[in-house]
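Following the hints, put chain B in place on chain A, whose structure we already have.
2 protein chains.
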Amino acid sequence: MTFREKLIAAQRQRHSLVCVGLDTDSQRLPDHLRDSADGVLEFNRKIIEATQDLVCAYKPNLAFYEALGARGWDILRETTTLIPPDVVTIGDAKRGDIGSTAEQYAKALFGNLRFDAITINAYLGYDSVEPFIRDPEHGVFVLALTSNPGSRDFQRMKVVGKPLYEKVARSCVKWNAKGNIGLVVGATHPNDLKTIRTLAPAMPILIPGVGTQGGDLRASIRFGCDKHGELAVINSSRAILYASAGRDFAEAARREATKLRDQIRSYQSEFFTPRR
Amino acid sequence: MTFREKLIAAQRQRHSLVCVGLDTDSQRLPDHLRDSADGVLEFNRKIIEATQDLVCAYKPNLAFYEALGARGWDILRETTTLIPPDVVTIGDAKRGDIGSTAEQYAKALFGNLRFDAITINAYLGYDSVEPFIRDPEHGVFVLALTSNPGSRDFQRMKVVGKPLYEKVARSCVKWNAKGNIGLVVGATHPNDLKTIRTLAPAMPILIPGVGTQGGDLRASIRFGCDKHGELAVINSSRAILYASAGRDFAEAARREATKLRDQIRSYQSEFFTPRR
Chain A
31 MTFREKLIAA
41 QRQRHSLVCV
51 GLDTDSQRLP
61 DHLRDSADGV
71 LEFNRKIIEA
81 TQDLVCAYKP
91 NLAFYEALGA
101 RGWDILRETT
111 TLIPPDVVTI
121 GDAKRGDIGS
131 TAEQYAKALF
141 GNLRFDAITI
151 NAYLGYDSVE
161 PFIRDPEHGV
171 FVLALTSNPG
181 SRDFQRMKVV
191 GKPLYEKVAR
201 SCVKWNAKGN
211 IGLVVGATHP
221 NDLKTIRTLA
231 PAMPILIPGV
241 GTQGGDLRAS
251 IRFGCDKHGE
261 LAVINSSRAI
271 LYASAGRDFA
281 EAARREATKL
291 RDQIRSYQSE
301 FFTPRR
Chain B
31 MTFREKLIAA
41 QRQRHSLVCV
51 GLDTDSQRLP
61 DHLRDSADGV
71 LEFNRKIIEA
81 TQDLVCAYKP
91 NLAFYEALGA
101 RGWDILRETT
111 TLIPPDVVTI
121 GDAKRGDIGS
131 TAEQYAKALF
141 GNLRFDAITI
151 NAYLGYDSVE
161 PFIRDPEHGV
171 FVLALTSNPG
181 SRDFQRMKVV
191 GKPLYEKVAR
201 SCVKWNAKGN
211 IGLVVGATHP
221 NDLKTIRTLA
231 PAMPILIPGV
241 GTQGGDLRAS
251 IRFGCDKHGE
261 LAVINSSRAI
271 LYASAGRDFA
281 EAARREATKL
291 RDQIRSYQSE
301 FFTPRR
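Protein sequences, first through last, are from chains A and B.
One point on numbering: in my numbering, the residue at position 48 of the first sequence is 78, and numbering is uninterrupted.
One point on numbering: in my numbering, the residue at position 89 of the second sequence is 119, and numbering is uninterrupted.
Chain A with its partners taken away, still in its complex shape (with noise of 0.2 Å):
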């Protein structure tokens, strides 16, 4: 089964177009979990048992693994052994390389780590994506506008009229031979959004940004969507991980990813005819 094809089937079985960001920051776990590399694996357990049936795809930032040293990468391996596996695992690692470099990666993060699919950096050019997208089976979600104050310092810079995250999605419309790349755009940024639906149409797009950093979730769906109502990968990291400080951070967790979903869903039918 191809990645695309892994995830319209996790979206379409679960009817849920949300991915958790597993950015587990051990400072910031419940008393009995915190500062603890145990306590990361424990408290990604128990999100992942509350959570399963309400997600496509869950999404670990590797920064917060790396910060623990060589015990948060096991712990990154074992976290992505509990994901069930029809739901796909993407792994944030924002990686970019030169091409004998970037093989390195791809053998870190879809070998050894098991990824569906990884998040990465373009600036390096076609030699430096080209070693994740060989394999139909991986894929990668390229950053075009990310979510973040800093998106406007190079990614908005006009490229002969037109903006440079804008150049980012062209190219990899015209990489996309095997049809496993998709984008990264930000809640942030509804119409450039829209923009970037258009020219890749049947793209996935991984949409950040719509909890702690206030992006507009109506507007993700209704420009982030393809045509069918799907293909736009919704994460959401602090707002459900962080949702109590209590013991009962879990069930927490699982109040707001089922308003997620069901906020979701809703747009959906205000937006897009259910496929028959």
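Hints may contain errors.
In this list, chains with the same sequence are indistinguishable; a pair is considered to hold if it fits within one copy or across any two.
[Claimed, not checked] Heads up, simulated DSSO-like pairs for lysine-lysine below, C-alpha to C-alpha not over 27 Å straight-line:
#1 Lys289 to Lys76
#2 Lys257 to Lys204
#3 Lys76 to Lys188
#4 Lys208 to Lys257
Derived by calculation from the structure, the hints in this document are not laboratory data.
Leaving out everything else, chain B in the frame of chain A:
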């Protein structure tokens, strides 16, 4: 001592601008060390012992260690402890993420792995850079114009008449309040290196691509150094690491590193007047 002071001191004390890229690929090691994580550590130990009086810096590329999983992370950390304390360590990580995540990467790379400096990708803008430049004891090399073929895909795109890489370099000059930002410019682009050095007369410039990738060493020294013939960091990885495929790999690496250091010195005397 700031990162910049440490780099200058290392270059002066060893009369060398050479940086050895520890891109140690377990599959390319001599027979007796091949395909073993411990082999990678032993290889690095021998390479460092054989070259440490000849270099100003070592630059492990994280991809090669991540490809080994959690053990790779330990080997990377052990490798950095083998490097003499007055030689600069550069983690070639090419990281770049939103501010709150970049803080976690800073913890991983400066805290856990204790690098003096790292390479970063600034596509996400200022808030993705800022967490790495808070402490002048640590530095960054921001990717401007990389050595690979894909550098033409986006980095050379014209933004209001100037190539994007130049915009990146100008932003770095503006952001460099603490004097700990450097740039990465491939030796495969000598004319652009000249432009960048003019824009950033006092910044360290990390210059990969002189070995296997065929960059121009003479032009890299001529255009990449500051007015004192310093602050260019000339990286060679494969040409030094794999100078011999046999048991004499460390001696062969020493010969190659010596040759590179001396060639650089002769170009320094061709183009610069020695400091008094």
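A quick look at each hint next to the structure:
no., hint, result
1, Lys289 to Lys76, "within (18 Å within a copy, 57 Å between copies)"
2, Lys257 to Lys204, "within (20 Å within a copy, 44 Å between copies)"
3, Lys76 to Lys188, "neither (45 Å within a copy, 49 Å between copies)"
4, Lys208 to Lys257, "within (21 Å within a copy, 49 Å between copies)"
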